[in-house]
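Q: Generate coordinates for the entire structure from the input sequences, incorporating the hints supplied.
Order-wise, the sequence lines are chains A and B.
The first sequence: position 160 = 160 (my numbering), numbered continuously.
The second sequence: position 202 = 202 (my numbering), numbered continuously.
Please keep in mind that the hints were generated in silico from the structure rather than gathered at the bench.
In this text the structure is predicted, and so the values were computed from the model without any measurement.
Each residue gets a CB set at the ideal place from its N, CA and C atoms; glycine is no exception.
Hints are not guaranteed to be accurate.
Claimed, not checked - Example chain B residues on the side facing chain A (calculated, C-beta under 10 angstroms, incomplete):
{"no.": "1", "residue": "S14"}
{"no.": "2", "residue": "K16"}
{"no.": "3", "residue": "R375"}
{"no.": "4", "residue": "P379"}
Said to hold, decoys possible - Calculated Cβ distances over 12 angstroms to all of chain A for the following chain B residues:
{"no.": "5", "residue": "N79"}
{"no.": "6", "residue": "R447"}
{"no.": "7", "residue": "A818"}
Unchecked claim - Computed from the model, here is a short list of chain A residues facing chain B with C-beta under 7 angstroms:
{"no.": "8", "residue": "T66"}
{"no.": "9", "residue": "D72"}
{"no.": "10", "residue": "F80"}
{"no.": "11", "residue": "D93"}
{"no.": "12", "residue": "A95"}
{"no.": "13", "residue": "H110"}
{"no.": "14", "residue": "K230"}
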Amino acid sequence: MNLRTLEPARGDTITMALLEARNLIKTYTVDHRAITVLEDVSLSAEKGEFIVISGSSGSGKTTLLTLLSGLDHPTSGRVFIDNREITHASEEDLAPLRNRTIGFVFQSFHLVPSMTARENVMFPAELRGDPDAEARAGRLLSRVGLSARADNLPSQLSGGEKQRIALCRAMINRPKLLFADEPTGNLDSENGKIVLAQLIDLKNEHGATLVLVTHNPEIARAADRVISLKDGHLNG
Amino acid sequence: MRHMPMILRQVRRSYKQAGLFVLCVALSLATLTAFSGFARSVGRALLDDARTLHAADIIIRSHDPISAPLVQAVDRLANQGRIVRANVHEFYSVVRAPNEKASVLSRLKVVEPGYPFYGQVTLKSGRPFKQVLAIGACIVEQTLLDRIGLKVGDRLQVGYTTLTVDDVVTAEPDRPLDLFAFGPRVFIHSSDLDALGLLATGSHIHRVVLLMVMDPLQVDDIAGRLKKASAFDGESIDTYLTSGSVVKRFLDNFLFFLKLVGLFILMVSGLGIQSTLTALFNEKQRTIAVMKTVGASGRFINTHYTLMVFLLGAAGTGVGILAGAVVQGGLAWMLGPLLPEGLGLTIAWSGVAEAVMLGLTVVALFSFLPLYRLREMRPVAIFNRLPSVGITRWPYFLSGLLVLLFFLALVLWHMRDIVFGFYFVGAVTALILAAALLAQLALWAMRRLPVRPLVFRQAIRGLFRRGNATRSIMITLTVSLAVIFGDHLIEKNLDATFVQSFPADSANAFFLDIQPDQTEAFSAAIGHPVQFYPIVRARITSVNGEAIDRSREGQKRRDNLSRVFNLTYREALLDDETLIDGDTLFRNDWPEPQVSIMDTVVEMRRMKIGDRIGFKIQGVPLTARISSIRTRDSRSLSPFFYFVFPEAIMKQAPHTLFAALTVSPGQMGPLQTSIVSRFPNISVIDMSQTIGILARLMARLSRIVRIFSLFSIAAGLLILVSAVFATRAERVVESVYYKILGAGRRFVFTVFALENLLVGLLSSLLALVMAQTGAYWVCKVKFNIGYQPFLSVSLVMLAATVALTVTVGMVASRSILAKKPVAYLREQQNE
Numbered sequence: 001m002n003l004r005t006l007e008p009a010r011g012d013t014i015t016m017a018l019l020e021a022r023n024l025i026k027t028y029t030v031d032h033r034a035i036t037v038l039e040d041v042s043l044s045a046e047k048g049e050f051i052v053i054s055g056s057s058g059s060g061k062t063t064l065l066t067l068l069s070g071l072d073h074p075t076s077g078r079v080f081i082d083n084r085e086i087t088h089a090s091e092e093d094l095a096p097l098r099n100r101t102i103g104f105v106f107q108s109f110h111l112v113p114s115m116t117a118r119e120n121v122m123f124p125a126e127l128r129g130d131p132d133a134e135a136r137a138g139r140l141l142s143r144v145g146l147s148a149r150a151d152n153l154p155s156q157l158s159g160g161e162k163q164r165i166a167l168c169r170a171m172i173n174r175p176k177l178l179f180a181d182e183p184t185g186n187l188d189s190e191n192g193k194i195v196l197a198q199l200i201d202l203k204n205e206h207g208a209t210l211v212l213v214t215h216n217p218e219i220a221r222a223a224d225r226v227i228s229l230k231d232g233h234l235n236g
Numbered sequence: 001m002r003h004m005p006m007i008l009r010q011v012r013r014s015y016k017q018a019g020l021f022v023l024c025v026a027l028s029l030a031t032l033t034a035f036s037g038f039a040r041s042v043g044r045a046l047l048d049d050a051r052t053l054h055a056a057d058i059i060i061r062s063h064d065p066i067s068a069p070l071v072q073a074v075d076r077l078a079n080q081g082r083i084v085r086a087n088v089h090e091f092y093s094v095v096r097a098p099n100e101k102a103s104v105l106s107r108l109k110v111v112e113p114g115y116p117f118y119g120q121v122t123l124k125s126g127r128p129f130k131q132v133l134a135i136g137a138c139i140v141e142q143t144l145l146d147r148i149g150l151k152v153g154d155r156l157q158v159g160y161t162t163l164t165v166d167d168v169v170t171a172e173p174d175r176p177l178d179l180f181a182f183g184p185r186v187f188i189h190s191s192d193l194d195a196l197g198l199l200a201t202g203s204h205i206h207r208v209v210l211l212m213v214m215d216p217l218q219v220d221d222i223a224g225r226l227k228k229a230s231a232f233d234g235e236s237i238d239t240y241l242t243s244g245s246v247v248k249r250f251l252d253n254f255l256f257f258l259k260l261v262g263l264f265i266l267m268v269s270g271l272g273i274q275s276t277l278t279a280l281f282n283e284k285q286r287t288i289a290v291m292k293t294v295g296a297s298g299r300f301i302n303t304h305y306t307l308m309v310f311l312l313g314a315a316g317t318g319v320g321i322l323a324g325a326v327v328q329g330g331l332a333w334m335l336g337p338l339l340p341e342g343l344g345l346t347i348a349w350s351g352v353a354e355a356v357m358l359g360l361t362v363v364a365l366f367s368f369l370p371l372y373r374l375r376e377m378r379p380v381a382i383f384n385r386l387p388s389v390g391i392t393r394w395p396y397f398l399s400g401l402l403v404l405l406f407f408l409a410l411v412l413w414h415m416r417d418i419v420f421g422f423y424f425v426g427a428v429t430a431l432i433l434a435a436a437l438l439a440q441l442a443l444w445a446m447r448r449l450p451v452r453p454l455v456f457r458q459a460i461r462g463l464f465r466r467g468n469a470t471r472s473i474m475i476t477l478t479v480s481l482a483v484i485f486g487d488h489l490i491e492k493n494l495d496a497t498f499v500q501s502f503p504a505d506s507a508n509a510f511f512l513d514i515q516p517d518q519t520e521a522f523s524a525a526i527g528h529p530v531q532f533y534p535i536v537r538a539r540i541t542s543v544n545g546e547a548i549d550r551s552r553e554g555q556k557r558r559d560n561l562s563r564v565f566n567l568t569y570r571e572a573l574l575d576d577e578t579l580i581d582g583d584t585l586f587r588n589d590w591p592e593p594q595v596s597i598m599d600t601v602v603e604m605r606r607m608k609i610g611d612r613i614g615f616k617i618q619g620v621p622l623t624a625r626i627s628s629i630r631t632r633d634s635r636s637l638s639p640f641f642y643f644v645f646p647e648a649i650m651k652q653a654p655h656t657l658f659a660a661l662t663v664s665p666g667q668m669g670p671l672q673t674s675i676v677s678r679f680p681n682i683s684v685i686d687m688s689q690t691i692g693i694l695a696r697l698m699a700r701l702s703r704i705v706r707i708f709s710l711f712s713i714a715a716g717l718l719i720l721v722s723a724v725f726a727t728r729a730e731r732v733v734e735s736v737y738y739k740i741l742g743a744g745r746r747f748v749f750t751v752f753a754l755e756n757l758l759v760g761l762l763s764s765l766l767a768l769v770m771a772q773t774g775a776y777w778v779c780k781v782k783f784n785i786g787y788q789p790f791l792s793v794s795l796v797m798l799a800a801t802v803a804l805t806v807t808v809g810m811v812a813s814r815s816i817l818a819k820k821p822v823a824y825l826r827e828q829q830n831e
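A: Below, the structure is given as structure tokens:
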């Protein structure tokens with residue numbers, strides 16, 4: 001199916017939110033037993049907003065992030081990004097959306113091990129066919145203070161450096177929406193602070209919406225809004 | 001997007017997995033291209049050198065005297081100066097030392113001056129053959145001199161005359177000296193032929209007329225004229241280009257079986273290609289998920305990895321072609337003296353092109369599924385989560401169907417025998433399916449095995465580790481081992497039946513070409529009454545009025561109706577015979593000529609009681625009606641005949657007699673010498689020695705087939721190594737956690753070793769069950785012989801396989817075993 005721009009229809013309302021989730025339910029089947037990890041979750045995020053999804057371990061934070069970002073499909077419910085429904089979009093249809101509209105930062109960095117720092121950063125831009133990919137990657141690396149490490153492989157970098165590279169990779173196509181899953185979870189407090197500061201700086205610079213999953217209350221305090229999850233339900 | 005630098009980086013990073021994939025592709029090609037290349041080289045060499053190999057332009061062959069019209073036609077052409085002719089007679093006879101103390105069955109070749117028209121008979125002295133072979137002289141093989149204690153210059157008794165050994169032959173153009181040599185060669189001048197006194201009626205003489213055509217452009221024309229002139233259908237007239245040869249027939253048949261082995265290896269290696277690629281992609285799963293997360297489309301990923309697969313496939317094809325050249329050389333070395341002199345192995349561009357096409361097709365077919373699975377890989381895998389979408393089944397069926405069709409096409413292309421092709425593909429498919437079913441059952445049982453010791457529990461758990469490919473490894477190993485074990489068990493049973501347990505009371509001395517008027521004197525020489533079997537040589541011309549197409553029959557690889565048969569006559573069944581159809585050997589209510597046939601004749605062509613077979617016995621036609629069908633105990637070594645006639649019909653036909661006696665090994669030599677010195681026309685064959693020679697030849701050929709079958713085990717082991725590499729991360733975690741929790745290095749080693757041992761043991765046990773079942777069926781049903789399971793040999797094969805699997809598995813795991821917990825934990829912190 002193609003991503004379709006929402007048209008007014010029975011039960012649908014036009015929304016100005018950049019991200020909207022309606023009545024999301026996610027159920028996994030393990031050993032013929034259905035386990036519901038998200039139960040009727042609805043939320044929306046406006047352009048430029050910084051939202052933190054918090055909750056204890058196993059509350060469904062990361063699952064919600066995968067559904068909001070189109071990495072996985074909900075069992076029921078609907079997801080809209082930039083006025084386009086992605087709920088049942090195919091992988092082929094989601095690829096350009098992920099490339100141009102969304103950026104990801106993960107707890108475990110997920111850099112491609114066979115690519116250098118620069119190549120990792122420029123990869124999404126290359127996919128987009130941007131002839132300026134290398135120069136823009138260079139500028140971003142310089143922005144986070146890693147120009148000197150541009151030609152290093154991920155295995156030659158520290159955790160903080162890897163996450164800053166991942167941050168540059170997420171921002172290179174100037175996404176409207178940024179998803180971050182525990183971006184400081186694997187870092188010491190010093191590096192955590194640097195990465196978070198750079199993440200918010202870049203978000204503000206590009207006017208992006210940031211949806212960040214964390215259980216760190218300090219980070220939550222920096223957010224415009226905090227959504228709390230407990231046992232798959234929105235809390236309060 | 002530039003794919004190449006990224007592909008190179010990925011290959012560099014996963015060089016072990018990539019290397020295994022390249023090896024699997026190379027393995028799939030090496031043997032088949034080697035065998036095809038070898039067959040092509042042999043074919044080309046035989047064709048290029050065909051004149052030399054046949055020593056003439058036109059070759060006329062017959063087991064009977066050449067018919068008068070054909071002789072006249074040859075004479076006419078010779079008188080016109082258009083051809084030069086050389087008659088050759090070939091037959092077996094026992095030659096003796098002058099003191100009558102030693103004798104040896106030899107292959108006599110009586111040649112007219114002029115032989116060979118092309119090529120050289122090479123002599124030890126270096127002198128020209130045509131000058132040395134004079135009247136009253138003979139040229140012999142060195143083994144003859146060694147066996148009866150003579151030297152050059154000594155006298156040799158041949159038939160009724162005595163000749164001087166003038167030289168030793170080291171090579172002859174029209175056959176390798178060692179090919180099926182039941183006796184050493186003796187060259188004799190044609191002027192001595194009558195003096196030999198060995199051309200009695202009905203004797204086993206191979207008559208050849210070699211013709212050299214003065215104008216090479218007229219070879220076909222003259223051959224055509226001679227064919228028209230031939231009045232006897234037992235005469236064959238061929239040019240050097242159309243004539244088959246013993247060498248070609250032998251190599252064709254042997255290469256046919258080797259190509260079967262090559263095709264089998266290709267199939268098993270195909271499984272290896274699929275398995276190593278799956279392992280490689282499993283290793284890349286995280287990378288692919290990351291690429292998809294940042295926006296890489298399915299098409300991009302597929303293009304990227306398809307390119308990577310074909311680049312690696314091209315490298316594998318290159319390595320396979322090089323390895324094929326080496327294997328080709330190895331095969332020539334192993335066949336050694338069985339090959340024609342001066343056979344040059346060449347690699348043709350057409351062969352290379354064929355190998356490249358084959359390699360890329362194999363890669364495309366066996367990579368299809370792993371590449372297809374990339375489409376199903378979801379970015380959510382980044383969180384180690386499985387996709388919540390169902391897996392489409394049709395690509396799996398399509399892939400299986402394509403592989404099956406490709407394999408069938410390949411078999412038909414190489415074998416050129418549709419029925420056999422279907423049987424072979426069916427058998428291999430059944431073998432793989434049976435192995436898959438048994439492996440599944442064995443793993444199901446292992447999962448439920450109530451095992452208490454911790455090391456065993458952990459080893460069994462390891463079999464089901466994600467990405468472990470245990471089932472693929474087991475199927476590949478089981479299939480390969482079943483073929484190798486089965487081949488060995490059949491060979492051992494044949495050896496045990498026909499060679500080792502040659503019954504003490506079996507006839508072991510066969511006396512051929514006894515003339516009817518020699519029976520009394522022969523019995524007197526033996527010292528007791530002897531049973532004689534009359535032999536009448538004949539060809540079959542028709543079955544139920546339908547003429548036999550000799551060229552079509554002759555193309556069959558099994559025994560067929562195109563050859564000359566030895567008929568006999570008698571009124572009763574032999575002790576080892578029973579009737580399987582018909583109440584009596586012959587019927588009293590049929591007035592026409594009757595014949596009883598052996599069940600093996602029915603295997604050559606479907607026939608039943610009442611059918612009519614047309615024979616031509618030395619030019620005289622005879623049609624006989626089938627009165628009964630016999631079978632015999634194939635373990636018996638008594639003489640047997642396919643066609644038995646009533647005495648009244650056949651007694652007047654020109655015939656010789658045959659006798660079979662039981663002689664103690666110590667008496668064989670003296671008896672042979674004494675009989676041949678009294679009756680020089682009689683040939684004595686020492687069956688125990690003949691069977692020994694055949695057994696040694698079969699063992700040699702079987703060993704070559706087995707060596708190449710081992711290549712298929714290599715595919716299984718490559719999958720094992722690739723599985724170890726693919727699950728390296730999981731194994732490291734297991735190893736580190738064991739160590740952190742207090743287990744010693746020995747515990748970790750034992751768990752991994754046990755896991756490999758279980759894979760090897762289960763695979764070889766399943767293979768043994770399949771091999772024993774298959775070998776039992778072949779021996780009991782196809783060969784109709786007894787069956788021994790050879791348990792000790794089976795145990796040795798089983799132990800060797802287990803040792804090999806454990807060794808390969810542990811060598812591949814050594815870096816995992818060496819991993820220190822602290823190093824791993826530091827790496828995790830950095831993540």
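Q: Now look at each hint and say whether the structure bears it out.
A: Evaluation of the provided hints:
{"no.": "1", "hint": "S14", "in the structure": "holds, 8 angstroms"}
{"no.": "2", "hint": "K16", "in the structure": "violated, 14 angstroms"}
{"no.": "3", "hint": "R375", "in the structure": "holds, 8 angstroms"}
{"no.": "4", "hint": "P379", "in the structure": "holds, 5 angstroms"}
{"no.": "5", "hint": "N79", "in the structure": "holds, 84 angstroms"}
{"no.": "6", "hint": "R447", "in the structure": "holds, 15 angstroms"}
{"no.": "7", "hint": "A818", "in the structure": "holds, 19 angstroms"}
{"no.": "8", "hint": "T66", "in the structure": "holds, 6 angstroms"}
{"no.": "9", "hint": "D72", "in the structure": "holds, 5 angstroms"}
{"no.": "10", "hint": "F80", "in the structure": "violated, 19 angstroms"}
{"no.": "11", "hint": "D93", "in the structure": "violated, 9 angstroms"}
{"no.": "12", "hint": "A95", "in the structure": "holds, 4 angstroms"}
{"no.": "13", "hint": "H110", "in the structure": "holds, 5 angstroms"}
{"no.": "14", "hint": "K230", "in the structure": "violated, 20 angstroms"}
The structure does not agree with the numbered hints 2, 10, 11, 14 stated previously, though it agrees with the rest.
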